[in-house]
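Quick note on numbering: the sequence shown equals residues 1 to 164 in this note's numbering.
To be clear, the hints were calculated from the coordinates, so they are not data collected in a lab. For glycine and all other residues, C-beta sits at the position ideal for the given N, C-alpha and C. Don't take every hint at face value.
[To be verified] Label-pair distances were calculated between CB atoms; the ranges are:
| no. | residue 1 | residue 2 | range |
| --- | --- | --- | --- |
| 1 | SER95 | GLN125 | 17 to 27 angstroms |
| 2 | THR72 | MET147 | 18 to 28 angstroms |
| 3 | MET94 | GLN155 | 29 to 39 angstroms |
| 4 | SER95 | GLY154 | 32 to 42 angstroms |
| 5 | THR117 | THR91 | 30 to 40 angstroms |
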Amino acid sequence: MKNYRGVFCGWMLLAAGFTGLPTLSTAAVAGTPPTNVTADQPGADQPGDIELPEAETFLNLAAEAMAKYHKTHGTYASQWHQLHFDYAYPTYHMSDPDIWPLPKNKNQWHPRGSHYTYVIVAARQNTFLVRALDSKGKPTYELRQGMLYPQLLGQPKNKSSVHK
Numbered sequence: 001m002k003n004y005r006g007v008f009c010g011w012m013l014l015a016a017g018f019t020g021l022p023t024l025s026t027a028a029v030a031g032t033p034p035t036n037v038t039a040d041q042p043g044a045d046q047p048g049d050i051e052l053p054e055a056e057t058f059l060n061l062a063a064e065a066m067a068k069y070h071k072t073h074g075t076y077a078s079q080w081h082q083l084h085f086d087y088a089y090p091t092y093h094m095s096d097p098d099i100w101p102l103p104k105n106k107n108q109w110h111p112r113g114s115h116y117t118y119v120i121v122a123a124r125q126n127t128f129l130v131r132a133l134d135s136k137g138k139p140t141y142e143l144r145q146g147m148l149y150p151q152l153l154g155q156p157k158n159k160s161s162v163h164k
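All chains, please: the whole structure from these sequences, using the hints.
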């Protein structure tokens with residue numbers, strides 16, 4: 001069975017009662033459709049679709065997993081495998097390789113099909129910093145504890161590529 005997590009993650013999070021971060025559906029409801037997402041960007045299937053770029057989708061899911069981990073352990077996870085969540089871009093089978101972070105991934109993980117490598121830069125008792133690195137290793141997005149949504153680096157603080 002295929003999992004269409006990238007497309008339906010906003011609806012799943014809303015159904016679960018999670019509204020702390022902007023998602024696909026909250027962006028549409030808030031009347032802030034993306035204005036700069038084009039079909040050649042990761043996360044944009046068709047021109048005009050309301051979908052978060054891949055890195056923002058991943059970082060939102062990572063923030064949710066970090067919050068759950070923090071609630072249980074009193075600190076944030078410093079390695080991806082501690083979070084016990086799966087991700088692949090765009091669809092996958094549960095048995096596919098690289099959809100689950102392994103201990104060997106430590107704080108860097110490049111999920112199957114992803115355009116980014118995700119790095120837990122810092123994880124302490126009360127804060128975390130996760131970055132998305134592009135194929136050249138350049139930090140493109142980041143998310144810290146307490147941010148409402150991932151920041152597109154080079155943009156004003158707390159502004160993503162979609163939420164203007």
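Hints versus structure:
The hinted window of 17 to 27 angstroms between SER95 and GLN125 is violated, with their beta carbons roughly 36 angstroms apart. As the Cβ distance of THR72 to MET147 is approximately 21 angstroms, the hint placing it in 18 to 28 angstroms holds. Taking 29 to 39 angstroms as the suggested C-beta distance range, the pair MET94 and GLN155 conforms, at roughly 35 angstroms. Distance hint check: the CB atoms of SER95 and GLY154 are about 38 angstroms apart, consistent with the given range 32 to 42 angstroms.
The hint said 30 to 40 angstroms for the Cβ distance between THR117 and THR91, and at roughly 20 angstroms that hint is violated.
Of the numbered hints given earlier, the model fails hints 1, 5; all others are met.
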